[in-house]
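> The primary structure of each chain is shown beneath.
2 protein chains.
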Amino acid sequence: MSVAANVVKKFINDPENVVPEALEGVAAAHPDLVRVDLANQLVIRRDAPVAGKVGLVSGGGSGHEPLHGGFVGVGMLDAACAGAVFTSPVPDQMAAASKAVDGGAGVLHIVKNYTGDVLNFRMAAELVEDEGVEVASVVVDDDCAVEDSLYTAGRRGVGATVLLEKAAGARAEAGGSLSEVAGIARKVNERSRSFGVALTSCATPSSGTPIFDLGPDEIEVGVGIHGEPGRRREKMAPAAEIVEMMLTPILEDLDPAPGSPLLAFVNGLGGTPLLELYLLFNELKKQLEARSLTIERSLVGNYITSLEMAGASITLLHLDEQLVQLWDAPVKTAALRWGA
Amino acid sequence: MSVAANVVKKFINDPENVVPEALEGVAAAHPDLVRVDLANQLVIRRDAPVAGKVGLVSGGGSGHEPLHGGFVGVGMLDAACAGAVFTSPVPDQMAAASKAVDGGAGVLHIVKNYTGDVLNFRMAAELVEDEGVEVASVVVDDDCAVEDSLYTAGRRGVGATVLLEKAAGARAEAGGSLSEVAGIARKVNERSRSFGVALTSCATPSSGTPIFDLGPDEIEVGVGIHGEPGRRREKMAPAAEIVEMMLTPILEDLDPAPGSPLLAFVNGLGGTPLLELYLLFNELKKQLEARSLTIERSLVGNYITSLEMAGASITLLHLDEQLVQLWDAPVKTAALRWGA
Numbered sequence: 590m591s592v593a594a595n596v597v598k599k600f601i602n603d604p605e606n607v608v609p610e611a612l613e614g615v616a617a618a619h620p621d622l623v624r625v626d627l628a629n630q631l632v633i634r635r636d637a638p639v640a641g642k643v644g645l646v647s648g649g650g651s652g653h654e655p656l657h658g659g660f661v662g663v664g665m666l667d668a669a670c671a672g673a674v675f676t677s678p679v680p681d682q683m684a685a686a687s688k689a690v691d692g693g694a695g696v697l698h699i700v701k702n703y704t705g706d707v708l709n710f711r712m713a714a715e716l717v718e719d720e721g722v723e724v725a726s727v728v729v730d731d732d733c734a735v736e737d738s739l740y741t742a743g744r745r746g747v748g749a750t751v752l753l754e755k756a757a758g759a760r761a762e763a764g765g766s767l768s769e770v771a772g773i774a775r776k777v778n779e780r781s782r783s784f785g786v787a788l789t790s791c792a793t794p795s796s797g798t799p800i801f802d803l804g805p806d807e808i809e810v811g812v813g814i815h816g817e818p819g820r821r822r823e824k825m826a827p828a829a830e831i832v833e834m835m836l837t838p839i840l841e842d843l844d845p846a847p848g849s850p851l852l853a854f855v856n857g858l859g860g861t862p863l864l865e866l867y868l869l870f871n872e873l874k875k876q877l878e879a880r881s882l883t884i885e886r887s888l889v890g891n892y893i894t895s896l897e898m899a900g901a902s903i904t905l906l907h908l909d910e911q912l913v914q915l916w917d918a919p920v921k922t923a924a925l926r927w928g929a
Numbered sequence: 590m591s592v593a594a595n596v597v598k599k600f601i602n603d604p605e606n607v608v609p610e611a612l613e614g615v616a617a618a619h620p621d622l623v624r625v626d627l628a629n630q631l632v633i634r635r636d637a638p639v640a641g642k643v644g645l646v647s648g649g650g651s652g653h654e655p656l657h658g659g660f661v662g663v664g665m666l667d668a669a670c671a672g673a674v675f676t677s678p679v680p681d682q683m684a685a686a687s688k689a690v691d692g693g694a695g696v697l698h699i700v701k702n703y704t705g706d707v708l709n710f711r712m713a714a715e716l717v718e719d720e721g722v723e724v725a726s727v728v729v730d731d732d733c734a735v736e737d738s739l740y741t742a743g744r745r746g747v748g749a750t751v752l753l754e755k756a757a758g759a760r761a762e763a764g765g766s767l768s769e770v771a772g773i774a775r776k777v778n779e780r781s782r783s784f785g786v787a788l789t790s791c792a793t794p795s796s797g798t799p800i801f802d803l804g805p806d807e808i809e810v811g812v813g814i815h816g817e818p819g820r821r822r823e824k825m826a827p828a829a830e831i832v833e834m835m836l837t838p839i840l841e842d843l844d845p846a847p848g849s850p851l852l853a854f855v856n857g858l859g860g861t862p863l864l865e866l867y868l869l870f871n872e873l874k875k876q877l878e879a880r881s882l883t884i885e886r887s888l889v890g891n892y893i894t895s896l897e898m899a900g901a902s903i904t905l906l907h908l909d910e911q912l913v914q915l916w917d918a919p920v921k922t923a924a925l926r927w928g929a
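Protein chains in written order, with this note's numbering: chain A, 590 to 929; chain B, 590 to 929.
Mixed in with the good hints, there may be bad ones.
Note: identical chains are not told apart, hence a pair may lie in one copy or across any two.
What the hints assert, rightly or not - Result set (SDA-like, lysine to any residue): computed pairs, CA atoms no more than 25 Å apart in a straight line:
(1) 921 - 613
(2) 921 - 888
(3) 824 - 916
(4) 921 - 768
(5) 824 - 838
(6) 921 - 663
Treat the hints as calculated values from the structure; they're not laboratory data.
Please take these sequences and the hints and turn them into a complete structure.
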């Protein structure tokens, strides 16, 4: 039997069971941090609900790991809802997560701006509010590559989600009220911009073949995390030029004053070696310094991915003193961990 | 101009400068943990040499990141020497690293069993011993896929390197002597076995095309971390069968008694999504439990990679009480961090 030359081989059993089987693996690997509700496909902070603490719930389609399940733990998320690959979870999952982490101080929904996620989180909020759980929501829309996109009205939510979950999680851990925690989340979103570039496509487990075609000398400039088209196709270029393609629209939109302290986040989309991500970070630092901008904090690695896509995104967050403190606060999750 | 269909696009500028540019990125991203000696291509613990502490030096070809530079810091390595991609560093680099981290208690060289690395570390040891630095060496050879290989006489050193650097680093941090620290390293190596499977090849920056060919329905069973051939080619199979292909030779060789406590390490080779690594971990856990073996500690992620290769390896370490304590001890590096 012949196999299509463009098939993407994957370590899976039944394509239908990829997400639950991976969640069982998460439960087995991190019993010190989380428990897993397999029926609802939730990763839940082990000691949730934490009495008196605002609960943070996020979620979305799977395939972006470690986002969101890898960020559940002390100082970040209380629960993550996993949908099928690149598919929103349903309202019942989000409602179950909200109830599981409500410690009496209310629950914040952190929603990446994709139409399915936005609608389903809204329905979930109505469901649990009827049961007496106070809910606030923040929609993340930091991707300045395109205005509107496949699956999205308005800008897409991408890398800032990681930074926002960290900062809002720290505020909640320190006893912040629901409106304070939601305020931090909105502040991070407003002060962040992201831009991604794909060198290759990726394949969902159920299809097994690339979700778009990209020539051997082409890159997708402004790609979304589900392979959504960006601004344009370009010819492959040196790293310095690609960083400039990403940085220019970010700075045009964010417009930080010279001397502004930044958090610079170079994120791999899944299939790009760490060696290249550090090289990109070096380029980014040089180009920021040339514009009198300062990297005050940084993050380099695969944190919000698109399965095995080769590619990277840059997120810049315009810091202030409060955000630096929240970033530096202890965090103890599978994918981000320091000071705890 | 036409571009070969099998070209692997990479975020690089000049292929000759990939490693130094990435090292500059490491220096910029982690000033709290390390400093970088660019002339010698070394990542060095920020506060090295630590007076009275055994210094741990490892290194090897680049392209396996985060190994080794990502493991430099408190509780693990004192220095890592970076060679060109898939090429051993030279003795002068290793000697410079040894001198930079010698705090008066001697230096341990941690050497993966590849002919170039072994010869060059041996020459480096002679160089620095002439200058009065005491050196012990441990050669890691945990890969039970093949006896002898490309670049290797005897077994290859792979996943156990990560576990060994962690355990020996903890012993050094706690004040162990050179012979005690070397003893821990040897103990971890003796009690560890690894086996890898590739779903795809990978490309070095200088060539830009895959270093071997693998059909769309083929996997390389027992692959090395430079794409060295394994035991055989097989047809692509479900994850459960692939885990069995890896686990059977590991257990035949390691032969732990029922009830033995194990550290189970599922490692991605660079291009495999975390979703699949957790699914593999779940399979591994089930198959170990069916054999009355217990996962006492675990590690899941991309820690010793082969550029963008899709694939994974399993390493099992037969723990004892001492090794559990050393594993749990605080560590503060770019790639492994807890308790500190």
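> Now tell me if each hint is right for this structure.
Hint-by-hint comparison with the structure:
{"no.": "1", "hint": "921 - 613", "in the structure": "within (20 Å within a copy, 28 Å between copies)"}
{"no.": "2", "hint": "921 - 888", "in the structure": "both (16 Å within a copy, 15 Å between copies)"}
{"no.": "3", "hint": "824 - 916", "in the structure": "neither (37 Å within a copy, 47 Å between copies)"}
{"no.": "4", "hint": "921 - 768", "in the structure": "within (24 Å within a copy, 34 Å between copies)"}
{"no.": "5", "hint": "824 - 838", "in the structure": "within (18 Å within a copy, 46 Å between copies)"}
{"no.": "6", "hint": "921 - 663", "in the structure": "both (5 Å within a copy, 18 Å between copies)"}
Hint 3 alone, counting from the list given before, is not met by this structure.
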